[in-house]
Structures are given as C-alpha cells and as structure tokens.
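Protein chains in written order, with the numbering used here: chain A, 865 to 972; chain P, 51 to 333.
I should point out that these hints are in silico values taken from the structure, not numbers from a laboratory.
Since the model is a prediction, treat every value here as computed from it, not as a measurement.
The reader is advised that the hints may include incorrect statements.
Unchecked claim - Subject to a maximum C-alpha distance of 35 Å in a straight line, what follows is the list of computed DSBU-like cross-link-like pairs (lysine-lysine):
| no. | chain 1 | residue 1 | chain 2 | residue 2 |
| --- | --- | --- | --- | --- |
| 1 | P | Lys61 | A | Lys911 |
| 2 | A | Lys911 | P | Lys310 |
| 3 | P | Lys263 | P | Lys61 |
Stated by the list, open to error - Away from chain P, derived, C-beta distances all over 10 Å, residues of chain A:
| no. | residue |
| --- | --- |
| 4 | Arg872 |
| 5 | Glu887 |
| 6 | Cys933 |
| 7 | Phe942 |
| 8 | Glu949 |
| 9 | His959 |
Claimed, not checked - Okay, the calculated beta carbon distance ranges per label pair:
| no. | chain 1 | residue 1 | chain 2 | residue 2 | range |
| --- | --- | --- | --- | --- | --- |
| 10 | A | Thr898 | P | Gly306 | 21 to 31 Å |
| 11 | P | Gly306 | A | Arg894 | 23 to 33 Å |
| 12 | P | Leu87 | A | Lys911 | 24 to 34 Å |
| 13 | P | Arg153 | A | Phe942 | 23 to 33 Å |
| 14 | A | Glu949 | P | Leu254 | 36 to 46 Å |
| 15 | P | Arg149 | A | Arg903 | 32 to 42 Å |
Beta carbons: idealized from backbone N, C-alpha and C, even for Gly.
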Amino acid sequence: MHNLAQQRCFNHAAREAAARCPECKRFFCRECITEHEDRVLCAACLKTLAIAPFTKQHVFAGLARFAQCAVGILIAWFFFFLIGESLSRLPDSFHEGALWKVPWTEHQ
Amino acid sequence: MKRARSRQPGKGGLDLIDEAAHLLRGASAATLATYYLGAIPFVLGFLYFWTDMSRSPFANQHLAEAALAITALFIWMKFCQASFARRIRAQLAAEPVPRWSFRQTVRVLLTQAVIQPSGLFLIPLSLVLTLPFAWVYAFYQSVTAMADADSSESSKLVKRAWKQTALWTWQNHIGLSIGLVFGVCVFLNWAMVAFSVPSLLKMLFGVESTFSKSPAAMLNTTFLATIFGLTYLCVDPILKTVYALRCFYGESLQSGEDLKALQPLSPPQLPVHNPARRFRRWS
C-alpha cells in the first residue's frame, strides 16, 4: 500500500503528490490532475478517455446522422410534393377566384 | 435549487416582444442580411412553385424535381435562420459572433435538416388541434434559436429545445398571441397596399392594367400566397428574436449569462485631472 504523503509527482519530481490517477495508478501533484465526471484523472488519461469513445462511435454516428438527414429531407420533399399535387388538382376557377362568383346552386 | 430557479417568473410576453423589437432595430446589417439570405430565396422559390403548380398544365411532369428544389431552399432558409439566431444571441451576451468552422457549419445544417422538416406537418396539425400549437411552435423556434456548435447532435438539441419550450408557458402563449395579431395586421396592410397600387399607378402615371380595370382580378390564390410571403418576411424575424431571447433567458437561469452581459466590458473612463492641460488652456 503506497502512502500518498511519501510520494512525488510523476511529472515534477520536486513536488509532493496530491492525488493518484485511478486509470494509470501514478501519483501527480495538484497541477497535473483534473476532475472529470467525479473522478480525479491525469491529463494523459483524460485525453485518452476523451478520444476513445469518439473513434469507436465515429462510423456508426456518421451513418446514423446521414440516415436521419435523409429521412428529414424525404419528409420535407413529401410535404412540398403534397402541396404541389393539391395545387395542380384544384380547378382553374378556384385559382382565378372565379369559383366564388358562380352561384352555389349552379355548382350542384 | 435548479427547480427553484426554473420556477422564477419570466418576463411578460409584451415586454419580451418590446425587447425583441429593440434588439432587432439595433442589429447590424450583416445580421439582417443573414436572415434574408435564406428567407427571400425560399419565399421567391415557393411563389414560383405555387404559380407553376396552379397554372401550368404540365406541372405534374416536373413536380418531384420542383418539390426537391423547394426542400433544398427550405433547409437553406432554416440554416440561415439558425445563423441569424446565433448572431442575435451573441449580441445579447455582448460577445463577438462565434465563428463556425466548415465542419461545425455542416453539422448545424444537418441538424436543422433532421429536425425542422417534421415541423412542416406537426405545426399545421397542432394549429388544427389548437391547444398544443403554442408548445409545438415554440419547440421548433427553440430548435432554430439554440442551434450552435455545442448542439451538433440532434438528440441533444431536441432535449435543450424541449426544456426551453416547457419553461414560462404563459409568457409563450401571450407572446405568440400578440405575434399572431400583429401578423394579421401586417397581412391586411400588405393586402391594402397591393390593392391600391394599380389604382395609384393609373391615377398618377396613367398606367392601365387588368387590376386597375377590375380589382376583383386580384382575388386569386397567387395573390394570397404573395401577401402571405411578404407578411412572413416582416413578422418572422421578430418572432425568431423573441424565441432567441426566451432561450437566452432560459439558459441563463443555469449559466448566469444574462448577468455577465450586464457587466460593462471595460471600467468606465473617469475624467483625469491634468493641471498641465489647464495651464496650456489659459496661457
């Protein structure tokens, strides 16, 4: 069992250790450590942790984002397609405003 | 503690609109240009699409391509609106506008392309149902207002936007009601202008047209779409600013960004007593 009070910083031999990194098990002074998600880590381990999940999920995240984007574009395209379809099916008398001038009884 | 802060009463709806109007008046030309760079092409493209589909007998032959072009313009408009909201938020925080790298720009564009299209169906649907309209509309406006490089993932942006939507419900309803009434007034104003222009042209310059002969000829769907487009261009920037303000104040409950914005950028320049200067003045 290592006694923290007797340890020195891994990076600065002249400084006494303030904490031990739970990842690499080395001792560090208070300037060489930082808090990350309620754990005290050294800079090197923090860098490794920050990069690792990104590289693992990078390919799938890119594919998922592309698929989501394609679905979004398809939804918007379908909306404008429906509008265009409805407009082209409406009679000319409706677009020209002439529909309202004809008496209702004549429509039937 | 967080719950207590989120229960703090927000600003009134009218105060928020007032602040938004002042903010928009003080906005730089680049900020407004960012908005209209996206909105004007979409409105013009949509009007062309509307006219083409309602008049051309061959419209069905190129309907799919035309709908795809309008979709591209819609996504471009949403991206420009997100960029506009980012500038407004920077103006509020008294900070320089954060620059997006190419990758961040693409991410914001993709995020908007993922979320905003569903609003095309859900906003009209909620309007028909009436009751959920204010929440649905506020959610999509918040998605635009909160789009930044930090929220590059759609799920994170949805969570953040939903959190702001649920905040200060009464303020949202009042602000939206005032915005709708204002929109109706602007719509009527544009309609009156459009009706009076042909008769004014005839009276002042002697220009005779179909519309001056029969003002009823204007009562077609293209006319209504044009007036609606002009109204959108006038009212929407104000509503976007209102929701940018709402999101700014909502997020400030945790970040305290509004307090930082209140602090002066540099200490006030006090007048320096300089006897030599006074001596030069009297000599």
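The hints, checked one at a time:
With a C-alpha separation of about 43 Å, the suggested pairing of Lys61/P with Lys911/A is violated against the 35 Å cut-off. Taking the CA atoms of Lys911/A and Lys310/P, the gap is near 31 Å; set against the 35 Å cutoff, the hint holds. Of the supplied pair hints, the one linking Lys263/P and Lys61/P is violated, its CA atoms being roughly 51 Å apart against a limit of 35 Å. Distance to chain P confirms Arg872/A as a non-interface residue, since its nearest Cβ pair spans about 39 Å, more than 10 Å.
Here Glu887/A stays apart from chain P, with its beta-carbon at least about 26 Å from theirs, past the 10 Å limit. Non-interface call for Cys933/A relative to chain P: violated, since the shortest CB-CB distance, roughly 5 Å, does not exceed 10 Å. For Phe942/A, the non-interface assignment is contradicted: its Cβ lies about 8 Å from the closest Cβ of chain P, within the 10 Å cut-off. Against the 10 Å criterion, Glu949/A falls within the reach of chain P, whose nearest CB is about 7 Å from its own CB.
The claim that His959/A lies off the interface is violated: its Cβ sits roughly 4 Å from the closest Cβ of chain P, which falls inside the 10 Å cut-off. Here the CB-CB span from Thr898/A to Gly306/P is close to 23 Å, well matched to the stated 21 to 31 Å. Distance hint check for Gly306/P and Arg894/A: the Cβ-Cβ separation is about 27 Å, which falls inside the suggested range of 23 to 33 Å. Checked against the hint of 24 to 34 Å, the pair Leu87/P and Lys911/A fails, with Cβ atoms roughly 40 Å apart.
Checked against the hint of 23 to 33 Å, the pair Arg153/P and Phe942/A passes, with Cβ atoms roughly 29 Å apart. Under the hint 36 to 46 Å, the C-beta atoms of Glu949/A and Leu254/P, about 43 Å apart, fit the expected range. Checking the proposed 32 to 42 Å range against Arg149/P and Arg903/A shows it holds: the Cβ atoms sit about 33 Å from each other.
Hints 1, 3, 6, 7, 8, 9, 12 from the list above are not met by this structure, while the remaining hints are.
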